[in-house]
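Working from the sequences, and respecting the hints, build out all of it.
Chains as they are written, first to last, in my numbering: chain A, 1 to 480; chain B, 1001 to 1393.
Simulated from the structure, these hints should not be mistaken for laboratory data. Just so you know, not all the hints are guaranteed correct.
Claimed, not checked - Derived lysine-lysine pairs resembling PhoX-like cross-links, with alpha carbons at most 25 Å apart:
id : chain 1 : residue 1 : chain 2 : residue 2
1  : B       : K1066     : A       : K385
2  : B       : K1151     : B       : K1066
3  : A       : K388      : A       : K326
4  : A       : K42       : B       : K1151
5  : A       : K388      : B       : K1151
6  : A       : K326      : B       : K1011
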Amino acid sequence: MSVKQELLTIVGEQNITDLHAERKVYSHDLAPLPSEVSWLFKSTPDLVVKPRTKEQVSEILKIANKYKIPVTPRGAATWGYGGAVPTKGGILLDLTGLDRILEFDRKSGLIKVECGVVWQSLINLLDGSEWRLPVCPSSSPSSTVGGWAATGGLGYGSLKYGRFVDNVVQATVALPSGEIVTIDKMSTPLTLEQAFSSEGVLCIFLDLTLRLAPKLEAEEPFLAYFYQLQGALKAANRVLELTKPDTLVLRAFGFLKARRDKPIKSIEDAESGAILFGLFNGSKAEVEGWLKAFRDIALEFGGNVRPSGEAWDEWNERFYPLRIKKWGPTVLTSDVLIPVRALHDMILYSWKLGKESGMDVELEAIFTSPEHVLYFPLFLSDERKPLKYLSHTAITKKLIDEAVKHGGRSYGYGIWNSFHLKKSEPERKKELIRLKKQLDPNNILNPGKTFEARSKFGLALPASLYSLFLDTLWVFGKVL
Amino acid sequence: MSLFKLPSLQKIDIFACAQCGYCVKKCPVYNVVNWESYSPRGRLYLLKQLQEENKSFIGKLVSKDKLDIKEVVQRIYDCAICGRCEVACHLELNLPTLWAKAREAFFSMGVAPQLLTQVETTILSRKNVFGMDAESRGDWVIYTGVDAPVKKDAEIAYFVGCVTSYSGRVQSVAQAIASILNHVGANWTLLDGEWCCGHPLYVSGAVSKYRELAEHNVKAIKSTGAKIVVTGCPGCRLALAEEYPAILGYKPDFEVLHFTQLLDRWIAEGKIRVEKSEDPVTYHDPCELARLGGVIEQPRRVISALTSKFIEPLERGRDGMCCGSGGMLKATNPTLSATIAEMRLNSLLNTGVNTVLSACPTCDQSLAEAAVKAQNVRVVDLTQLLAERLGLM
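So this is what it looks like as structure tokens:
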């Protein structure tokens, strides 16, 4: 019996395909890849399989071990670092079919959901209840619960409620061997902390039990426009000191300004405006107090506080940060987690990169704690111009290098940022490699990623060579 | 075979697509088939790949992984062009137009489904989408016994459309519209020699001869002297109001209304008075009327005049769920179309109401067919229900 036939007996004919068009669609994620990537990685899977139960996932992994076939788990593929992109073909596991709400205890606020549940459907489900999501990703309309668990778990609400992992009680995962285990904060061989953000190289999330947050008495978004970015930055810091927002976001415009002839020596040279928006929730008195504090802070730093209706409009738009992409038509970005104190310098650096490469830039920063901010500048490029675009892709390395200098790190690694793990989080790299050897001796689960970039030929690409390659590309791009 | 070529605006759109996937679970076809290549995001990716494969000499040399164009064509035509993807789109791309333009490209390459080339021939020769005798287009008047004039110097022209004219199940919609027009004493007329509006050609991608139909119908309308054209078919409304100006290069000198828009006016003006009942009803927004046509509130006001128990479904208005019959899907993939209709009917019945209203003969038919298995469910056109309540049918 062939591998396909064995898999077919597990998931049924409707849930497996090797049709070429289908395999091509499952060969990528958010980021458009230059076609040259196919020289190094076999990103098109041989088979796409759509399991419907956790037992099916387990059986598929057992077959993959038997034949030593790579398995790439995939949620909604809303990440851009290659976490859901195969490196050596094999089986692509589309996990969106595991999308059931398994339990919802309305008394305790605990909800158990399968990994393929989309965040937006959870938001809709909780709409009429006494509970709300404490945290959710900026891609909530499509991204899945399991996908976010595997890839980062910082987003809206993190400022008040912490990381996604802090709001999870336990999870069921499939280990690379196919064994299904329940994990929590103290479990062995894997804890929740180790499994979260392991980018699918250690386990596949099957279901998660989330601790919901109770809906509070009052909830009100806020919004202010700032003529000068500097004012918005100072105001953001003061808001963090004096209030307790659920979410605080800084978005700086000024794209198209990076092409000005004037050199950019300070933030104000970019002549960027900015907006500061977010959400307060708490008792009525708390929210009123914080709103008043926000108004005072905004006025002090030259902000124009907008009425509630406009603030709600902006809040409702929070899941649409890529609207500017149509002016690219390609966007290059790299999310970095940096200290709040470094935001000023990172913004300045982004403007400089934009200026050097001729790319327009919009900046977005989600404050994830009083000390840290998830920063993602969106650089507008054009993949239809292959050489120029290839040189532009080096910008992600530039950004991560700079973030590391400031004590920050890449938000995720996947294939394309895996070279940065050692510099950013050396201890974590050691732990990931140790766990990988222990849990996945056949190296079948999402191989060639996160702590290495291993090509389809089995060779790990040397970080120094990769670094040199990207730096050369960048210089080449400036000449073009 | 010629190369796949899109107009420049649509070409930019396929590159602009963020691949964010916000459209995926909104797509009725994806929700049935469950494979990404059938989702709007997947289709856009395939179109982009096709475009890239055509592009560079080097690309052609190094690529061993070329797409089979038949697989792409099938996915582009397995789409109801309902436009729900556009509402969800992160970048607000004009996706219904993109799907239509992609079909146009495939049609001109000669790779469109064979059935649709036959449909084109049929429409051009018989002047209707079913291949029926053109002369029998007005036979519904005889069957229903309604008084339906054909005259000059009318104020309102009623454009009946192929489905309403020929399809026995929904000829009652034509009867209802004619009866109501008579009831209010409108100075109205049928067209002398109505042809297919051409919308089926547009959504098939077979646009090369569309102009012939548009010119004929505009001439026929103008000859009546009417300044208002009404139709009960959202597809015909789209053709007359939006596709004709684009294809003819000018906007014909008449207002095009869906009949529910006219009913809304007449109810507001007191020309139609109907006693409000307490019969519960729900309403299916036809995609081509609500999302693509922008007619959302008017049918609701008409329904609210009819009953005090109007229960809205969860998916409604601009976010309404498709019945699966648009974009010629009912012709090219009837099984898929019927499955989508069943899904939509179930979502409507989740309101707990057994009377499902719509305002499109094709939606009426598809949902009624889906309702055959259900017990005590009535699918009826809003116009027909009003005519019944007025004692006209």
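Right, here's what the structure says about each hint:
1. K1066/B to K385/A: holds (21 Å)
2. K1151/B to K1066/B: violated (59 Å)
3. K388/A to K326/A: The hint holds at about 18 Å.
4. K42/A to K1151/B: violated (69 Å)
5. K388/A to K1151/B: violated (65 Å)
6. K326/A to K1011/B: With Cα atoms ~12 Å apart, K326/A and K1011/B stay inside 25 Å; holds.
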